[in-house]
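These protein sequence lines map, in sequence, to chains A and B.
Numbering follows this note's numbering, with no gaps: position 62 of the first sequence is 62.
Numbering follows this note's numbering, with no gaps: position 50 of the second sequence is 50.
Certain hints may be false.
To be verified - Derived, one-sided and incomplete: chain B residues facing chain A with beta-carbon distance under 8 Å:
(1) L6
(2) D7
(3) G23
(4) L25
(5) N26
(6) Q45
(7) D73
(8) V74
(9) I95
(10) A99
(11) V118
(12) A119
These are computed hints drawn from the structure, not numbers from a lab.
Idealized CB from N, CA, C, for every residue including glycine.
Number of protein chains: 2
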Amino acid sequence: MDVINLDEKFALFAEHWRPKVAGSLNGQEVKLVKVQGVFPWHTHQDADELFMVWKGRFRVEFRDRIAELAAGDVIIVPRGVEHRTAADEEAEVLIFEPAEVRNTGDIVDATFTAPQGVAI
Amino acid sequence: MDVINLDEKFALFAEHWRPKVAGSLNGQEVKLVKVQGVFPWHTHQDADELFMVWKGRFRVEFRDRIAELAAGDVIIVPRGVEHRTAADEEAEVLIFEPAEVRNTGDIVDATFTAPQGVAI
């Protein structure tokens with residue numbers, strides 16, 4: 001039951017597109033990720049995914065539109081909806097989703113698929 | 001898949017201790033609540049509960065200690081752990097927990113037990 005300070009946690013790592021698990025509850029995980037650039041298109045068939053922007057600007061792109069988010073903005077991507085995420089400059093993003101979701105969903109990418117369950 | 005802006009959502013209501021559902025995913029809800037004063041002692045037997053402070057200062061009190069949180073701090077209260085929340089001045093807090101959790105857990109309080117499922 002420690003207090004988790006988001007700024008302190010984000011300061012502990014620098015790499016992009018490698019989610020870190022900051023907490024677990026009810027079969028879900030709270031993950032922190034730094035992003036910059038464009039992530040591959042993918043779909044999570046069995047998991048809705050929430051993104052909350054903590055710092056910077058962040059995009060969630062769908063095949064038919066783009067959602068632009070800034071700090072304090074939240075979006076929930078329903079399961080089965082293809083998407084990719086992107087940021088022109090580094091952004092800090094929180095993810096809420098079920099435990100053990102692969103970050104690249106239904107694809108495996110040599111660069112972007114990240115190890116799961118990395119705690120911070 | 002609308003973008004949810006936390007500041008805009010918090011600006012839509014003024015009452016204290018009445019969680020509003022800002023989003024749902026994977027059987028969980030994201031709730032926004034304004035708090036001031038001291039909430040009753042209670043326990044959620046079947047739900048872990050995450051609090052994230054968005055604005056202000058907030059306490060989660062346990063029988064043997066007090067966790068002090070400020071904006072950007074997160075705490076996860078495991079199921080079965082008695083607690084009460086408090087804030088000397090108004091604070092804005094995000095809650096992440098399973099859908100249809102009663103805010104007062106195992107007790108019913110004429111003042112503090114809030115309607116469930118109120119969307120915002």
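Hints, one by one, checked against the model:
1. Here the hint on L6 (chain B) is kept, as its CB sits about 5 Å from the closest CB of chain A, short of 8 Å.
2. Annotation: interface hint on D7 (chain B) holds; nearest CB of chain A at approximately 6 Å, less than 8 Å.
3. Using the Cβ-Cβ criterion of 8 Å, the hint placing G23 (chain B) at the interface with chain A is satisfied: the shortest such distance is roughly 5 Å.
4. Taken as an interface hint, L25 (chain B) checks out: its beta carbon lies about 4 Å from the nearest beta carbon of chain A, inside 8 Å.
5. For N26 (chain B), the interface hint holds, since its Cβ comes within 8 Å of a Cβ in chain A; the closest pair sits about 5 Å apart.
6. Violation of the interface hint for Q45 (chain B) is found here, the shortest Cβ-Cβ separation to chain A being roughly 13 Å, above the 8 Å cut-off.
7. Of the supplied interface hints, the one on D73 (chain B) holds, with its beta-carbon coming within about 5 Å of a beta-carbon of chain A, less than 8 Å.
8. The closest approach between the C-beta of V74 (chain B) and any C-beta of chain A is roughly 4 Å, which is under the 8 Å cut-off, so the hint is satisfied.
9. Because the smallest distance between the Cβ of I95 (chain B) and any Cβ of chain A comes to about 11 Å, over 8 Å, the interface hint for this residue is violated.
10. Violation of the interface hint for A99 (chain B) is found here, the shortest Cβ-Cβ separation to chain A being roughly 10 Å, above the 8 Å cut-off.
11. For V118 (chain B), the interface hint is violated, since its Cβ never comes within 8 Å of a Cβ in chain A; the closest pair sits about 18 Å apart.
12. This hint is violated: A119 (chain B) has a C-beta 13 Å from the nearest C-beta of chain A, more than the 8 Å allowed.
Taken one by one, the earlier hints fail for this structure at numbers 6, 9, 10, 11, 12, listed in ascending order.
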